[in-house]
Amino acid sequence: MERLPAGGDRFRAEMISRSQRDRILTAMSEIVAKRGYQGATVELITKRAGVARATFYENFENREACLLGGFEEALAEVRSRIDAAAELESDWPGRIRAGLAAFLAYVAENPALARTCLVELMTAGPAAMERYEQALQSFAPVFARGREFTAGSEELPETLEDSIVGGIVWMVHQRLLRGEAALVPSLLPTMLEFGLAPYLGEQRAAEVAAAA
Amino acid sequence: MSDPHDPDFAAAWDRVDRLLQERMIAAFCGEEPWRERMRATLAVAFAFLAEDPERARLYVVDSLFAGEPVHKARHLAIERLGDMIDGGSEEAMALARPPIVALGIAGAIWSHSHGLIRDGRVAELPGDLPQLMFFTVLPYLGTAAAHEELERPFSGSL
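For the protein sequence lines, the chains are C and P, in the order given.
Here the first sequence stands for residues 514 to 725, numbered as in my numbering.
Here the second sequence stands for residues 40 to 197, numbered as in my numbering.
Any given hint could be a false lead.
Calculated pairs, BS3-like style, for lysine-lysine (alpha carbon to alpha carbon, straight line, at most 30 Å) [to be verified]:
#	chain 1	residue 1	chain 2	residue 2
1	C	K560	P	K111
2	P	K111	C	K547
3	C	K547	C	K560
Computed spacing ranges between beta-carbons, pair by pair [claimed, not checked]:
#	chain 1	residue 1	chain 2	residue 2	range
4	C	A653	P	R62	42 to 52 Å
5	C	R658	P	A86	49 to 59 Å
6	C	P698	P	H114	35 to 45 Å
7	P	P108	C	G521	47 to 57 Å
In short, the hints are calculated from the structure, not lab data.
If you're wondering where the values come from, they're calculated on a predicted model, not measured in any experiment.
Every residue gets a Cβ at the ideal spot worked out from N, C-alpha and C, and that includes glycine.
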């Protein structure tokens, strides 16, 4: 076996710790998706992750911190995928289409994590709910860029982008509640019409949706 | 703040829900076009929430942290609003939408209300009716009708 590099013990300890943290986060999302946040005890999480209770508390202050830790990692990953997909497109509608498709694909690939982040997180307490809302609001500027292509954009409601993002997430929420994560990517054309029509008009939005 | 873990919370939530649904259904039933009935329905719902901030907090904010029965009932309330919004599809066949669009709109309206109630700004909710009607009408009746909603004279009540 190849020798570990200098400082190998520390490297190995970090890898083990990282692996334990990942296992805890995976177990947390699986249990929360199945039993809801209130039903996801630390005991159940550690049992499923195969780690000691003490290991859980070495990684997270409490259950809510664990939930939020999983949310932050998922948010970073999905944002990275959205950005990577969007930057390949040359125009704004194309970036919206590619970004949304990447988001919906991520949800379909990670049903338990998606349910935890988009359905259960908001029931975990005021701090979790506030973080969830902040995360949603952070996507509003992506749609607000559409105002540059809208005649009379100053007449559009100031709450429009928050409503569009909220509506899109709620559609996904519905599918997840029904255990239909695999169907989420098929929402893309509907969401594109929904999100683009206020800026591009119904006809152009329908064309972009039809091409998706 | 009401305690969502209190055993009486679910009963209190149900009472508020019944009162609100009665008002919304009364506003929605009628012979007028869907758009008029939808505006009246949202107006009575927003007025109901704004007239008692504590009651609104119990119904919209604290209920998130209650148990599964309240979550399910809360979800049904959002679905009922979605069913009303979906009436727009029957009215505008050219722009008929799948029912999930109406649920998305209902969820977005609920989320908007949640933010204002949580921040102690529920009094502003009735004033947001034109903006939320813009958003509600647009998928079914198009952008011109949506913009008309922004231009309607608004007194903050029916």
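Do A653(C) and R62(P) keep their Cβ atoms within the hinted range of 42 to 52 Å? violated, 31 Å
So if I understand the rule, the pair passes when the alpha-carbon distance is 30 Å or less; does K547(C) with K560(C) pass? Answer holds: K547(C) to K560(C) is near 15 Å, not above 30 Å.
Between the beta carbons of R658(C) and A86(P), is the distance compatible with 49 to 59 Å? violated, 35 Å
Is the distance from the Cβ of P698(C) to the Cβ of H114(P) consistent with 35 to 45 Å? violated, 23 Å
Taking the CB of P108(P) and the CB of G521(C), does the distance hold inside 47 to 57 Å? This hint holds: roughly 54 Å between Cβ atoms.
Within 30 Å, alpha carbon to alpha carbon, are K111(P) and K547(C)? holds, 15 Å
Are K560(C) and K111(P) close enough, with their CA atoms no more than 30 Å apart? At roughly 29 Å apart (the allowed maximum being 30 Å), K111(P) and K560(C) satisfy the hint.
In the structure shown, a violation is registered for the earlier hints numbered 4, 5 and 6, in ascending order.
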